[in-house]
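Q: Now for the letters of each chain:
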Amino acid sequence: MRHFPVLRAGKAYRSAARHQVRHFVTGEILGEMSMANAGLIARDLRDAPRWAATLGEMSIRELSSIFDRAAVLFEEEALAIGDWEQSFSDYLHNLSATTGMPMSLCRKNAQKVVIAMKEIVPTLKGLMRGLEPEILDKSAVETEQGFLSFRRESTSLGAILPSNSPGVHSLWLPAIALKTPVVLKPGRQEPWSPHRIAAALLAAGLPEQAISLYPTDHNGAREILLGCGRSMLFGDERTVAPWKFDHRVQIHGPGWSKWLIGEDLVDRFSDYLNVMVSSICENSGRSCLNVSSVWVPRRGREVAESLAERMAGIHALPLDHPKAALSAFAQPQIAHAISAMVDNLLQTPGAVDLTAKHRPNGRVAEVDGAAFLLPTLIWCERSDHPLMQMEFLFPFAAVAEVPSDLVVDEMQETLVLTALTQDETLINKLMNAPHIDRLNIGAIPTFHIRRDQPHEGNLFEFIYRQRAFQVAGLEA
Amino acid sequence: MAAVTLEDRVLEARSRLDAHVREMVTWHFSPETGCPFWLKYAQALSFDPRDKINSYADLKLLGHFQDEWLRGGPVRRWLPKGLAGQGVSVFETGGSTGVPKYRINMNDFRTDYEMFSDTLSDTTFPKGSDWLMLGPTGPRRLRLAIEHLAQHRGGIAFHVDLDPRWVNKLIKRSAFHELELYKEHVTAQALTILRANDNVKCIFTTPKLLESLCQKIDLVRYGITGIFCGGTEMNAQFHRFALEELVPGVDFRPTYGNTLMGLACHKPVVPEDEFKIAYYPPNPRAVFEIVDPDDTTKTVAYGETGRVMLTTLTKEFFIPRFLERDEGERMAPIDLYPWDGVQNLRLFSRLQSSVVVGVY
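So the protein sequences, as listed, match chains Z and V.
Per this note's numbering, the very first residue in the first sequence carries number -14; after that it's consecutive.
Per this note's numbering, the very first residue in the second sequence carries number 8; after that it's consecutive.
Everything labelled a hint here was simulated from the structure, so no lab data went into it.
There may be inaccurate statements among the hints.
Straight-line C-alpha distance at most 30 Å; calculated DSS-like pairs for lysine-lysine [as the list claims (entries may be wrong)]:
| no. | chain 1 | residue 1 | chain 2 | residue 2 |
| --- | --- | --- | --- | --- |
| 1 | V | 88 | Z | 229 |
| 2 | V | 134 | V | 108 |
| 3 | Z | 229 | V | 179 |
With beta-carbon atoms standing in for the labels, derived distance ranges [to be verified]:
| no. | chain 1 | residue 1 | chain 2 | residue 2 | range |
| --- | --- | --- | --- | --- | --- |
| 4 | Z | 230 | V | 117 | 57 to 63 Å |
| 5 | Z | 322 | V | 51 | 41 to 47 Å |
| 6 | Z | 233 | V | 94 | 49 to 55 Å |
| 7 | V | 195 | Z | 335 | 37 to 43 Å |
| 8 | V | 173 | Z | 222 | 32 to 38 Å |
| 9 | V | 130 | Z | 442 | 54 to 60 Å |
| 10 | V | 52 | Z | 346 | 55 to 61 Å |
| 11 | Z | 322 | V | 90 | 52 to 58 Å |
| 12 | Z | -1 | V | 179 | 33 to 39 Å |
| 13 | Z | 352 | V | 309 | 41 to 47 Å |
| 14 | Z | 222 | V | 158 | 36 to 42 Å |
Covered, in the sense of this in silico footprint (three residues per stretch, anywhere, with C-beta under 8 Å from a C-beta of chain Z), are these stretches of chain V [stated by the list, open to error]:
| no. | stretch |
| --- | --- |
| 15 | 15 to 28 |
| 16 | 218 to 229 |
| 17 | 247 to 258 |
| 18 | 280 to 291 |
We put the beta carbon where it would ideally sit given N, CA and C, even for glycine.
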């Protein structure tokens, strides 16, 4: 039996409570995770200042070379996970088998992790707004503008991780290079990625105090969020709600990302259908970066019909099919429940599922015993229809017409907005909108991320704070 | 003379239980001694329980006790006539919202805890030493029970209250920061008692509060030698964590108790059990039967998982075949407790979405 140990500051621990990780279709047990009790986590976190001190002794250069080596190990070598070895190919197969993600997407997501490791220095520079990361090796550096000094706000970074997309691991990884130990809670179906990343980094020479991995329950997750000075929390609206006003917790909840087309370019919408469809469907629609609504000033029904036709061309395929683009639901009942929720919201007058006519067998498809939700495009006659504010774990979007002068005010929270317009007035209004986080002007897919332009908060600014610093001689 | 085997003990215990059932049924269904509730209940039956119920197995004739019957007053309907004139306590369970369930009590809690006291070591729970009771007090049996246990062993109990109803409300509204502050508030009071009273050598507390206390101080250095611990968070991993890390060297006694049953002792720890905790009820005063949730007339096989069915049989209180909100694996009799026990107690999986637990 493959056992995923708890990693307590890098040291493997076999718990008396274990959770079985199963193949999502066959139910075959593929491994078991040792579960950490909340008190154990709280007790370990008392040592976080010591973990941070150990990591703090390493230079940025040493850390970046560890990341370089780890990238190669992650992608090419058999790595020890507790008392067994895992090849890269095993990793991908098991990842697919427990999460329902097709092999093609598993590979793509694994690549995101590899790139995050390989490009750690450019990433740090992006996060530090162009400052040289080596500045963190010294207590202060003198610049033309005076002293520059940063203090770390926390001796650890907690992360409550999801099961739905391994690409998210690229978000917490830079914390280690920023000399901050990480305290991770893996998703219940996805211990594979965090353990493989940890194994690669430790094998590459990272001090074991830099990584703790605690598979745990809600109580344990709460302990991480309360006990770490800074944390990332991935989850749905209900999970993240209690932590929204805790400045120590960075929320990675629903994104409600959007596309907007201005009056000036709406007549050319057909030129941009591919990039819109990919913004909706990339990564099987499972990311907060995926578009869930499209806002246009007119010709809305035409835009919607065109998107629906293209989206309906994406089919459920076996997970090992090279062209598979849809993830299956590890729990089929969730696929049916989500589909029922969409149908229920369609009962509110003024909305129609335009993809329905292209797929007569319904929204839920079954292939090789696995349940899938097929891409769904809704036309809404009004922008205040509830489906314009929904986000689901599959390729889903709604389209509505809103006059350009009202659109910015009508949009609610938006993680990523791609605005297809050259209208300066509209662009200015978007630039000043406090509810829009990442803003793309032009035909940029919403999932296109630049490491020098972090969204959802900047990890460096989250962990570090610039301190006032002065030096003088001893003369009174 | 042939040695007494476990099989002999089991048969003897079974025979004692059946005799006890007959005695209790006679008591509770006789107009001179029974309580208004059961006497009225008997009127609706087509038989006289005193004639038909001659063994534990015959209790099936009464169906399942419904804990909803305990909700609300008048509580005197539970008072056996045969015990009239004795001082009565009333203990509550549930009640985070709405009317709690009541159990009247005269001496049962004293009896249960005196029996439990007999299982404690005089070395690690020294006679004459004082106790800290850190847990739910208020209208609960636990408050008087721990105090009686301390007094019975010649000690004095210091109390710090934790209000689980408030904790439930905090959890329901996801007020985790407030919950943390409340835990700190409770723990701080316990620390004050421990610092000021060096004769405190024994503690009763819940897993969560024990963790919280151990985050602040080393209980061994404070002279604590015995800990009696119970609550919803008690599982094999917590047990291991307590023994190895929280309070190594302290006599740590996991227990399972509730207002309706009393107190179940755990089987002494052996390495092959991997820290799993097996509880045995105080038979014949209380009986666990681990039943098939889909057919509660069937007992599951040893080692199999089932729902816990509790029967409480004392002169003060009669609870036949009550389906608990817990499940676990049925455990075979052992020499120390030659009757069925239960291992890995946890919330009944079919109730998990509707019940707030793990609160203290």
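Q: Which numbered conditions among the earlier hints are violated in the structure presented, ordered from lowest to highest?
A: 1, 2, 4, 7, 8, 14 and 15
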